[in-house]
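Chains as they are written, first to last, in my numbering: chain D, 1 to 134; chain F, 1 to 149; chain G, 1 to 338.
One or more hints might be untrue.
[Claimed, not checked] Incomplete in silico selection of chain D near chain G, CB under 7 Å:
# : residue
1 : 55
2 : 69
3 : 79
4 : 80
5 : 82
6 : 84
[To be verified] So these bits of chain G aren't anywhere near chain F, every CB distance computed over 12 Å:
#  : residue
7  : 57
8  : 202
9  : 218
10 : 251
11 : 253
12 : 275
13 : 337
Bear in mind the hints are in silico, worked out from the structure with no lab data behind them. Glycine included, each C-beta is placed from N, C-alpha and C at the ideal position.
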Amino acid sequence: MKRTTILALLGMVIGALTISLIGCDLSGVTIDARIDSFISDINYDRTNVYLNFHSSATSDYNALKNESTLEAIFPVAGFPYSRGSLDTSDPNNVTTVLDDTAAWGPKDAIFVMIKDGMTWYINDLWLSGTWVIQ
Amino acid sequence: MKKLTFLLIVLVLFASCASIQRSKDEGNIERISKLINTGQADKLSAMTELPFLLDQEIILLDKDVRTFWSTIVEVGFKVEEPVLERGVKIGPDSYKEFYDSMEVRTFFNKYLKKQSRLLELKTNTGQRILLLVTDTLFTRTLHGFKGPY
Amino acid sequence: MKKIILIAILLVAVLLSGFAVPNDVIYSEGDAAVKYQAGYTDDVFIGDVYDTGDTVTTGFDGFVELDQAGLVLKINPDTVFTLQEKEEKGEKTSVFSLALGSIKFRYDRITGKEPMIQTASCVAGARGTEFSVYAGADGSTLIVVDSGLVEVESEGKAVQLTAEEGVEVQPGEPPGDKFVVQRDQIDYKTWNDDKLSAMLADPVETVRRIQDRMEFYIQEVQEYDSLYREYLKKLEEERRLNTERAQKEGENVALQYENDVIFPLSVETFNLGLNVRYFSLAALSMRRYVAGRTYLLLKARYIADYDNTIFREYRKTFGELLDKFEEAIVPQLVEADI
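Just chain D, same shape as in the assembly (with noise of 0.2 Å):
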C-alpha cells in the first residue's frame, strides 16, 4: 500500500513537471482577461501591449513591438485607463466603454477576438467607429 502511495505520488510529481515544462497552459487565457491584460499593460508596461494580439492576424504586430507608437492613440497622460462592462457574448465584437482620467474618453471600443488553442488574443481593436488597430 505504501508502496502504491509512493509511485501514485510520483506519478503526480513527474506529470505536473512535464505540464510545466512544456509549457502547457491548461486554463487558456479568456477573453475578459486578455482585454484586461491589454488595459493593464497600456498603463503599467508598454512594451508588453504587442503580447495581447494574435502574431499572425494581427497585421500591427510587428509596428506595435515599439510601445512609443501607441503615444498617438492612448496618451499617457490619460493614465490610467479603464473600461465598463464587457459584452462577451461574441468574440467577434466585443464592446466596451473606455475611459481614460483626462479628456481623451469616454469612447466605444470594439474587440475583434481570436482564440489559438486555450488561449484568446486581439485582432482587431476599433475605437469610435475607427479600426484603429489591424
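Using the hints provided, position chains F and G relative to the given structure of chain D.
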C-alpha cells in the same frame, strides 16, 4: 582542526571545479579548431545553432552557415596550434567583445543560454579568435565566431 | 481542428474588414519553414494561413504556393519572403517583401488595392498580371512579366513593363533599360550566380550600392519620423488645450472636440508612426539579408587573407554602412525586432 579540514576540502573542490571548467573550454577550442583544420565543414554546420553571430552580423539562414564553414575550409583557413587564452561565462558586457551595438547586445540577451561561454583562443601566429559555446551533458553548440584579429 | 477554427475566424475577419487578406498555403514541398511575427518557427503545411509579418523561407528543394483571394503566389527554392503592410493616405496596402530568391505572382482578378512587391532595390505595383521577381544576393532585382502590366519604381524613376518584358534594378539606382524576355527563359540560379561573381569581383561597389538603397530607407524613415513628431506635438497641444476647454466650457464640449478633431488627428499620427516602423523594418531586412549575407561571403573568402587590399577597402565601406544604420535606423528598432 575540523574547520581547517573542511576549508581545505572546499578549496580543493573549488579548484577542481575551476580546472574542470578550464579543461572543458580547452577541449572545446581543440575540437572546433580540429574540425576547421581537417575540413569538416558539415560537422561545424551541424554544431552551429541559428541565429549565429559572425563578428557583428546575425546570420539567420542555415545555408549561409553552411556556406561560411565550407568556404573557410575551401580557402585553406587553419587555426594553428590553438591555445585557450581565456574562457568566461557570458556577462552583461560580454557582447561588447563582438561589437558594441543594440543588435549584438540583443543577440546575447535573447539567444545565448545562462551557461554559454565566451572562449578566446590564440594561434601560434598571435591571431585571436572568439567563440561563443554552450555545453550541455550531451551536446556542444556554437553560437558565435569572431576573428581572426 | 485548431487550424480550421483559425481559418474560419480569419475568413470572417476578411468579410468584416475587406483589408489585410490572409494567405493560405495551398501547396508545399521540400524544405520550407515559416517564422511567425511572434518569433517562433514551424514547418510549412498545406492549410496554414499566414498574415502580415510572417516570413516564409525555402531551402534548396523547397517550394510553397500561397493563395490570397484572387492572387496566387509561388515561392521558389532558396527564397526569403515576408508579408508586410504599409500605410498610405489612411489606407493599408499589402506589401510582399522579397529579401532573397524568387517568386512568381498571378492575379486572377483585381481585388481592391493591388499589393506592392518590395525588394532591396525597388518597389513594383501590378494590375491583373502574371510575373516573376528575382532578388539577387547582391541586392539587385530582376522582374519579368508574363502577362499584364507591372510598374517598377526605384530612386524616383519608374518603368512600365508589359508581357514578355523584363527589367533589372541595382540597389541605389533607377530601373535599367527594359528588355524582351520569353516566358520561363530566366534561370534564377544562373542569374544569381552571375550576381555573386560580380559581387565578389567588386565588393566595394556592391556595398556602395547597398549604401545607396539604405540612404533611401533612411530618408523615408527620417521624413516620416519628422512628420510623425510634428503631428505628435500638434496632438499634444490639442489635448492640452482640450483639457482647458473642459474646465472652461464643460466636459461635453471637450468630448465633442475630442471626437471631431483630436481623435482623427491621433489616428493619422498613429498611421505615420506605423510608416516609420515599416521603413525601419525594411532597412533591417536589407541589412540582415543583403548586407549581412555579402559580409559573410566575403569574410569567409578572405579569412585567410585578412589584409587583402580589396577586403580591407570593403570592410571600411561596410563599416560606414553600419554607422549610418546605427545612427538612423537602430533608434527606431526595439529588441523584439532582433
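Taking the hints in turn, this is what the structure says about them:
Hint status for residue 55/D: holds, given a least beta-carbon distance of 3 Å to chain G, under 7 Å. Taking 7 Å as the C-beta contact cut-off toward chain G, the hint placing residue 69/D at the interface holds, the least distance being around 4 Å. Interface restraint check: residue 79/D against chain G, minimum CB-CB distance 13 Å, threshold 7 Å, status violated. The restraint placing residue 80/D at the interface with chain G is violated, with a minimum CB-CB distance near 16 Å, outside the 7 Å limit.
Hint on residue 82/D is violated. Least Cβ distance to chain G is approximately 16 Å, over the 7 Å limit. The beta carbon of residue 84/D is not positioned within 7 Å of any beta carbon in chain G (closest approach about 15 Å), and the interface hint is therefore violated. The Cβ of residue 57/G does not lie farther than 12 Å from every Cβ of chain F; its closest approach is about 7 Å, which violates its non-interface assignment. Look at residue 202/G: its CB is around 18 Å from the nearest CB on chain F, clear of 12 Å, so calling it non-interface holds up.
No beta-carbon of chain F comes within 12 Å of the beta-carbon of residue 218/G; the shortest separation is about 16 Å. Residue 251/G, annotated as away from the interface, keeps every beta carbon of chain F farther than 12 Å; the closest lies near 44 Å. Interface exclusion of residue 253/G from chain F stands, the closest Cβ pair being 46 Å apart, more than 12 Å. Listed as outside the interface, residue 275/G is consistent with that label: its C-beta sits roughly 21 Å from the nearest C-beta of chain F, beyond the 12 Å cut-off.
Residue placement check: residue 337/G does not keep its beta carbon more than 12 Å from all beta carbons of chain F (closest about 8 Å).
Hint violations for this structure: numbers 3, 4, 5, 6, 7, 13, all remaining hints satisfied.
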